[in-house]
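Could you put the whole structure together from the sequences, leaning on the hints where they help?
So the sequence lines, in the order shown, correspond to chains E and S. The first sequence begins at 2 in the working numbering and counts up by one. The second sequence begins at 2 in the working numbering and counts up by one.
Rather than coming from a laboratory, the hints here were simulated on the basis of the structure. By construction, the Cβ of each residue, glycine as well, lies at the ideal position given by its N, Cα and C atoms. Certain hints may be false.
No more than 30 Å apart at the CA atoms, straight line, and that leaves these computed lysine-lysine pairs for DSSO-like [what the hints assert, rightly or not]:
| hint | chain 1 | residue 1 | chain 2 | residue 2 |
| --- | --- | --- | --- | --- |
| 1 | E | K45 | E | K118 |
| 2 | S | K45 | E | K45 |
| 3 | S | K45 | E | K53 |
| 4 | E | K53 | S | K118 |
| 5 | S | K53 | E | K45 |
| 6 | S | K118 | S | K45 |
Cβ pair distances, simulated, as ranges [claimed, not checked]:
| hint | chain 1 | residue 1 | chain 2 | residue 2 | range |
| --- | --- | --- | --- | --- | --- |
| 7 | S | A299 | E | E161 | 46 to 52 Å |
| 8 | E | S119 | S | A310 | 33 to 39 Å |
| 9 | S | D122 | E | R295 | 18 to 24 Å |
Protein chains: 2
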Amino acid sequence: MAALRFEITCQSTSCNARVGVVHTPHGWFDTPAFMPVGTKASVKGLLPELVKRTGAQVILGNTYHLMLRPGSETVAHFGGLHRFMQWDRPILTDSGGYQVFSMSDINKINDNGVVFKSIIDGSPIELTPERSMQVQNELGADIIMAFDDCPPATGALDTEQAARLDLAMDRTARWLDRCVAAHRRPDEQALFGIVQGGTDLERRTRCVEQVCSIELPGYAIGGVAVGEGTEDIRRIVEHTAPLLPAERPRYLMGVGYEWDLLMAVRAGVDMFDCVLPTRNGRNANAFTRSGPVRLRNACHARSEWPIEAGCDCPACGGGFSRGYLRHLFLAEEMLGPILVSLHNIAHFQRLMAELRQAVVDDDWARLLANWPVLGGARVAVADDA
Amino acid sequence: MAALRFEITCQSTSCNARVGVVHTPHGWFDTPAFMPVGTKASVKGLLPELVKRTGAQVILGNTYHLMLRPGSETVAHFGGLHRFMQWDRPILTDSGGYQVFSMSDINKINDNGVVFKSIIDGSPIELTPERSMQVQNELGADIIMAFDDCPPATGALDTEQAARLDLAMDRTARWLDRCVAAHRRPDEQALFGIVQGGTDLERRTRCVEQVCSIELPGYAIGGVAVGEGTEDIRRIVEHTAPLLPAERPRYLMGVGYEWDLLMAVRAGVDMFDCVLPTRNGRNANAFTRSGPVRLRNACHARSEWPIEAGCDCPACGGGFSRGYLRHLFLAEEMLGPILVSLHNIAHFQRLMAELRQAVVDDDWARLLANWPVLGGARVAVADDA
Numbered sequence: 002m003a004a005l006r007f008e009i010t011c012q013s014t015s016c017n018a019r020v021g022v023v024h025t026p027h028g029w030f031d032t033p034a035f036m037p038v039g040t041k042a043s044v045k046g047l048l049p050e051l052v053k054r055t056g057a058q059v060i061l062g063n064t065y066h067l068m069l070r071p072g073s074e075t076v077a078h079f080g081g082l083h084r085f086m087q088w089d090r091p092i093l094t095d096s097g098g099y100q101v102f103s104m105s106d107i108n109k110i111n112d113n114g115v116v117f118k119s120i121i122d123g124s125p126i127e128l129t130p131e132r133s134m135q136v137q138n139e140l141g142a143d144i145i146m147a148f149d150d151c152p153p154a155t156g157a158l159d160t161e162q163a164a165r166l167d168l169a170m171d172r173t174a175r176w177l178d179r180c181v182a183a184h185r186r187p188d189e190q191a192l193f194g195i196v197q198g199g200t201d202l203e204r205r206t207r208c209v210e211q212v213c214s215i216e217l218p219g220y221a222i223g224g225v226a227v228g229e230g231t232e233d234i235r236r237i238v239e240h241t242a243p244l245l246p247a248e249r250p251r252y253l254m255g256v257g258y259e260w261d262l263l264m265a266v267r268a269g270v271d272m273f274d275c276v277l278p279t280r281n282g283r284n285a286n287a288f289t290r291s292g293p294v295r296l297r298n299a300c301h302a303r304s305e306w307p308i309e310a311g312c313d314c315p316a317c318g319g320g321f322s323r324g325y326l327r328h329l330f331l332a333e334e335m336l337g338p339i340l341v342s343l344h345n346i347a348h349f350q351r352l353m354a355e356l357r358q359a360v361v362d363d364d365w366a367r368l369l370a371n372w373p374v375l376g377g378a379r380v381a382v383a384d385d386a
Numbered sequence: 002m003a004a005l006r007f008e009i010t011c012q013s014t015s016c017n018a019r020v021g022v023v024h025t026p027h028g029w030f031d032t033p034a035f036m037p038v039g040t041k042a043s044v045k046g047l048l049p050e051l052v053k054r055t056g057a058q059v060i061l062g063n064t065y066h067l068m069l070r071p072g073s074e075t076v077a078h079f080g081g082l083h084r085f086m087q088w089d090r091p092i093l094t095d096s097g098g099y100q101v102f103s104m105s106d107i108n109k110i111n112d113n114g115v116v117f118k119s120i121i122d123g124s125p126i127e128l129t130p131e132r133s134m135q136v137q138n139e140l141g142a143d144i145i146m147a148f149d150d151c152p153p154a155t156g157a158l159d160t161e162q163a164a165r166l167d168l169a170m171d172r173t174a175r176w177l178d179r180c181v182a183a184h185r186r187p188d189e190q191a192l193f194g195i196v197q198g199g200t201d202l203e204r205r206t207r208c209v210e211q212v213c214s215i216e217l218p219g220y221a222i223g224g225v226a227v228g229e230g231t232e233d234i235r236r237i238v239e240h241t242a243p244l245l246p247a248e249r250p251r252y253l254m255g256v257g258y259e260w261d262l263l264m265a266v267r268a269g270v271d272m273f274d275c276v277l278p279t280r281n282g283r284n285a286n287a288f289t290r291s292g293p294v295r296l297r298n299a300c301h302a303r304s305e306w307p308i309e310a311g312c313d314c315p316a317c318g319g320g321f322s323r324g325y326l327r328h329l330f331l332a333e334e335m336l337g338p339i340l341v342s343l344h345n346i347a348h349f350q351r352l353m354a355e356l357r358q359a360v361v362d363d364d365w366a367r368l369l370a371n372w373p374v375l376g377g378a379r380v381a382v383a384d385d386a
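Shown next as structure tokens:
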């Protein structure tokens, strides 16, 4: 039996957007879906029951962090990530590649894999396609990601950078073969391939052809939101998403702000993850339909308003005022990050629900009317974590 | 109408223990009661709904911290502490005195009051009986405490220390008169007097006479658990509690471990507060019926056990293993302190419930059998916050 079944329930006639359901061994989730990030087997500060109350149906775990601590064999001892962290709904794990390339002191990259220094004790760790599969098989997420070569993002390519990018693309394709061969639990865990290619659309096309030549339960667009702007994200996504097989879920990794999600959904993307709601929440930056609210600002000191009127999240629905939340942040009380993270995740879940409804109704004007942030000034919330 | 009504529902025949109910404008709580500490308008890391789920019926807020930030006039603007922090059950605030004397850089103490430096910005702040009452009136707790002079704890007294202690006692008595005169909301907030006197029982007797000469809705034993050992606590409490009016709730401030609570309940004490469950919880030290469990210990790395079998708190009942909790602490994830704080508060609430039952049944043997920690080696949990 296949680990994943994707059912498209509605296809927009005016754009590439679609609504569907992804069925996994731990239940289903609606698409387009937004996954909160639970890096180290915890969505920071939130009991799983509270994460559920935001409407989240699927979360993401980070292979890189979990392989270093507590170690995937320890997680396996506890029966896998779901049981370890007491999250009984679907989970997706990344391959570890992105963190290795972006966070690590890398000693060596070659065709075999990557050797890097552990951020915990500096010891050398090898990550290869086979090892990433083994770790993800032990973690036991419902959806697992192929291990790919992620070279640093660049603008215009010089000859050397172009050669590095081409090598990374070819390597990613060869590593995907090795991931497929090494994956031990294809009946329980759906392996997604990842399309790289930087900001060069021709390379993206080539990468889609390479990756999609292997039949997989889903495909992802990687190497996006690594420093390029909203317009580059749009160019890449609007070009790449429609090239991916229509009958498989499409996952845009690590994106993003509300307007990025709207654009990507309209381009045919089904799944998203991003640290924005939790990271910004920990920094007192709240998302609302009308744009960001910085709760540390003195203007909120005596505000009896909730973060957002009409919101039913545990923060707004619980009666906590902006003034109280500001106090919690100034007093360095954990409850501040907890409440604003809950609100922010609920905000993104509500956006996804209304995006799904916009597809079903083919009514984008109403969506834009209800979400001024989608059409207004695209001022990014400070991301100073 | 009186702000507080104390109903004794059962008086032990074998000791001074009693079971009762304290009725306040924000509902009732059972006694003997244990109050978790919500210093800065938050029980650290815990949504009010989760605090309730531990069984807690009344919590404590700290006047000292709240007067400095956000300021009591700000809390009053939000309709008082209950509404500000969204805790709709009874609250008790202390007078600020203890923190001024123990935490502050004091500039001046005289008969009028104390001038100290703010821990927030170093500015000079004056706290007097009148100011403490004003702040506590603005915070709006159901039970408020008299402002007293708390000299540092000492062992055997030299002449100078004895003179300082006697001055503090006389001053405390004079300040109590001023508190009563300055209290603006006696119909909504019950003012408790505080008995000081150090470890000298004769002084305790004299202080009881002074304080209890003023009729108040309740009386507290202060100046305990400020560095002296369990045996000194026992001596003071067993001497002092029975001297306090039997028809008023008796509150032992800042105590303590399980065996301290057992002893004090048997001496006739009705109310307790202590930071142990939350502070130790944040440091990965869990309380159980059998004694402390240090969750950072390597022996828990692969433990699938909950902190305590049979416990229905959100941590144990939620299926979180010791191994997972250890991981959260090593990974510095907020969820670790949250879960262990919840367990620890639930532990103390369960102890109070079983203490109440022991009084009703007059069956102390069963209590001791169910709580090995009460009879076993009295090894204190490290308190390294």
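Hint by hint, work out which the structure violates, then give me just those numbers in ascending order.
4
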